[in-house]
Amino acid sequence: MTAAARKSILVVSRHAHPGSSLPRSALDTALAAAAFDQPVALLFQGEGVLQLLSEQDSRAAGVRNLRKVLDSLPLYEIETLHVDAAAAAAFGLDRDALPAGAEWLDAAGIRALLARHDHVLGF
Amino acid sequence: MLPISAFDPEGFLRELQDWTPEVAEQIAAGENIHLTPAHWEILELLRAYYQRFDSSPAMRPLVKWVAQQLGPDKGRSIYLLSLFPGSPAKLGSKIAGLPKPDNCL
Amino acid sequence: MALDYALLVLAAPASGHSSLTAVRFARALLARGHSLQRVFFLDNGTLTGLAAAVTPQDEHSPLQQWAQLAEEHQTELILCISSALKRGLLDSTEATRHERPGATVHPAFELGGLGLLVEAAQTADRLVTFG
Amino acid sequence: MLLHTLSRSPAHSALRDCLAVLGPDDALLLLGDGVYAALAGSEAAELLAASGAALFVLDADAALAGVRERLLPGATVVDDDGFVALSERYSRQLAWY
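Protein chains in written order, with the numbering used here: chain A, 199 to 321; chain B, 53 to 157; chain C, 78 to 208; chain D, 73 to 169.
In short, the hints are calculated from the structure, not lab data. One thing to keep in mind: the hints can contain errors.
[What the hints assert, rightly or not] With a straight-line cut-off of 20 Å between C-alpha atoms, the simulated EDC-like cross-links for lysine to aspartate or glutamate are:
id: 1; chain 1: B; residue 1: K126; chain 2: A; residue 2: E275
id: 2; chain 1: B; residue 1: K142; chain 2: B; residue 2: D154
id: 3; chain 1: B; residue 1: K116; chain 2: B; residue 2: D60
id: 4; chain 1: B; residue 1: K142; chain 2: A; residue 2: D235
id: 5; chain 1: B; residue 1: K116; chain 2: A; residue 2: E275
id: 6; chain 1: A; residue 1: K266; chain 2: B; residue 2: D154
id: 7; chain 1: B; residue 1: K142; chain 2: C; residue 2: E171
id: 8; chain 1: A; residue 1: K205; chain 2: D; residue 2: E160
id: 9; chain 1: A; residue 1: K205; chain 2: C; residue 2: E196
id: 10; chain 1: B; residue 1: K152; chain 2: C; residue 2: E171
id: 11; chain 1: A; residue 1: K266; chain 2: A; residue 2: D294
id: 12; chain 1: A; residue 1: K205; chain 2: C; residue 2: D81
id: 13; chain 1: B; residue 1: K152; chain 2: B; residue 2: D125
id: 14; chain 1: B; residue 1: K116; chain 2: A; residue 2: D316
id: 15; chain 1: C; residue 1: K163; chain 2: B; residue 2: D106
id: 16; chain 1: B; residue 1: K116; chain 2: B; residue 2: E62
id: 17; chain 1: A; residue 1: K266; chain 2: B; residue 2: D106
id: 18; chain 1: C; residue 1: K163; chain 2: B; residue 2: E96
id: 19; chain 1: A; residue 1: K205; chain 2: C; residue 2: D202
id: 20; chain 1: B; residue 1: K116; chain 2: A; residue 2: E253
id: 21; chain 1: C; residue 1: K163; chain 2: B; residue 2: E83
id: 22; chain 1: B; residue 1: K116; chain 2: A; residue 2: E277
id: 23; chain 1: A; residue 1: K266; chain 2: B; residue 2: E96
id: 24; chain 1: B; residue 1: K152; chain 2: C; residue 2: E176
id: 25; chain 1: A; residue 1: K205; chain 2: A; residue 2: D294
id: 26; chain 1: C; residue 1: K163; chain 2: B; residue 2: D60
id: 27; chain 1: B; residue 1: K126; chain 2: B; residue 2: D60
[What the hints assert, rightly or not] Over the 12 Å line for every Cβ pair with chain C, so calculated as not near, a few chain A residues:
id: 28; residue: A231
id: 29; residue: A233
id: 30; residue: P272
id: 31; residue: E277
id: 32; residue: A287
id: 33; residue: D292
id: 34; residue: H317
Idealized CB from N, CA, C, for every residue including glycine.
Here chain A stands alone, though its shape is the one from the complex (with noise of 0.2 Å):
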């Protein structure tokens, strides 16, 4: 498979995830793809900014921590974490309480991110 042949796939998740198992979904789709060497972003949107909060901890709830996952995405070469700045801001979420690397897009900047993928997957 050449490089031009590949299709993008931009994974959009917009769910929050201790009531839901979409955001689970949403990331085993993101590393998969990473995993086989195809081309993938990764957009949270609405709720699914929620999913970016720091200091997380799921001992006690006895489940995976989703948030330690998303530490591992540069190990997968997804390097930039897309994230919708006007729900962060609704949620009162300003820079520092969402990871340092993260890529900040107002509407316009998200129509750009969909534009430019072949495939838009959302969770």
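Assemble the complex: chain A is given as a structure, and chains B, C and D must be docked to it using the hints.
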């Protein structure tokens, strides 16, 4: 030595907290691997990966993780394959006492 | 121009009727001359493959609809293995592997990794999600 | 140029999130409980009309919900074949649910 009942039919630990370095030797022996310091270096990195990222790595991130921690000579698929033939991420995770993979990646 | 489609189904078959909408979409795209190699079921969508699902006789059964589609058009129906295992959907291999009493997946479906979704995305001209 | 599909009722955050990125070059197909967003005179319908996006409603779901005769005048009703035709015209789809 743990009794055979401590392992499932595929040789994975039923209870992760049973894992000790001796248990790792026992699992490795079942895979015809004799653990050397070179193996241990990778097994410790696998356990550190699990602690830090709450997941077991696929092959690609494992290679990158090893390269970051031990340098580019060891952060290569061929080196990891020489230690853990076949599928280093899966086999290494098994010996390191990480959760059984769900075959998703 | 004929296009290659892949479908991603995330909706559970018994909540709403998104699963039936997806089957009708599949039939409609085939009727328009397009091709559909693979349908990938992920998250609650994997419940679609539960062999023991019972639908009232006067309603369409998502299970039967998908199975018929697969038989008529050789469409692959893949259940994401990690989503499926968590929900108790196992084929005989996984039942043995995880020491469970028996298979629970309908024979029209196969368990597979997310790599099969990624592969479908690479080859497909269109990837349509039903959530 | 995206085909958005919305299958949740307007009370759900899916509509708000969709509206946040819906552009005038896009199309929006309402299906499932999403068809309620096209009820003429509703707040949701006004927001959708203001977005400038081309608006479509899946026939079977509009009928099931009992809204077929109460749709916003700008909405076009499509059947399954029409849904496929939309997916031909718009190469990317984003599902909101």
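Exercise. CA of K152/B to CA of D125/B, is that 20 Å or under?
Worked result: violated, 28 Å
Problem set entry | Agreement of K116/B and E62/B with the hint, judged by alpha carbon distance not exceeding 20 Å | violated, 28 Å
Problem set entry | Hint consistency between K163/C and E96/B [alpha-carbon to alpha-carbon, up to 20 Å] | Answer violated: K163/C to E96/B is near 29 Å, above 20 Å.
Problem set entry | Pair hint outcome, K116/B versus E253/A [Cα-Cα no greater than 20 Å] | violated, 25 Å
Exercise. Taking the closest pair, is the beta carbon of A287/A still more than 12 Å from chain C?
Worked result: holds, 26 Å
For this session: Starting from K142/B, check that the Cα of E171/C is at most 20 Å away, please.
Result: holds, 17 Å
For this session: Assess, step by step, whether the Cα of K205/A is no farther than 20 Å from the Cα of D81/C, and give holds or violated.
Result: holds, 14 Å
For this session: Would you check the hint for K266/A and E96/B, treating anything up to 20 Å between C-alpha atoms as holding?
Result: holds, 18 Å
Exercise. Does the structure keep K205/A and E196/C at a Cα separation of 20 Å or less?
Worked result: Roughly 10 Å separates the two Cα atoms, so the pair holds.
Exercise. Quick one, are K142/B and D154/B close enough, alpha carbons at most 20 Å?
Worked result: Answer holds: K142/B to D154/B is near 10 Å, not above 20 Å.
Exercise. Does the no-contact call for A233/A survive, Cβ to all of chain C over 12 Å?
Worked result: Nearest chain C Cβ is 8 Å from A233/A, so the label is violated.
Problem set entry | Hint consistency between K116/B and E275/A [alpha-carbon to alpha-carbon, up to 20 Å] | holds, 9 Å
In this structure, the hints that do not hold are numbers 3, 13, 14, 16, 18, 20, 21, 25, 27, 28, 29 and 34, in rising order.
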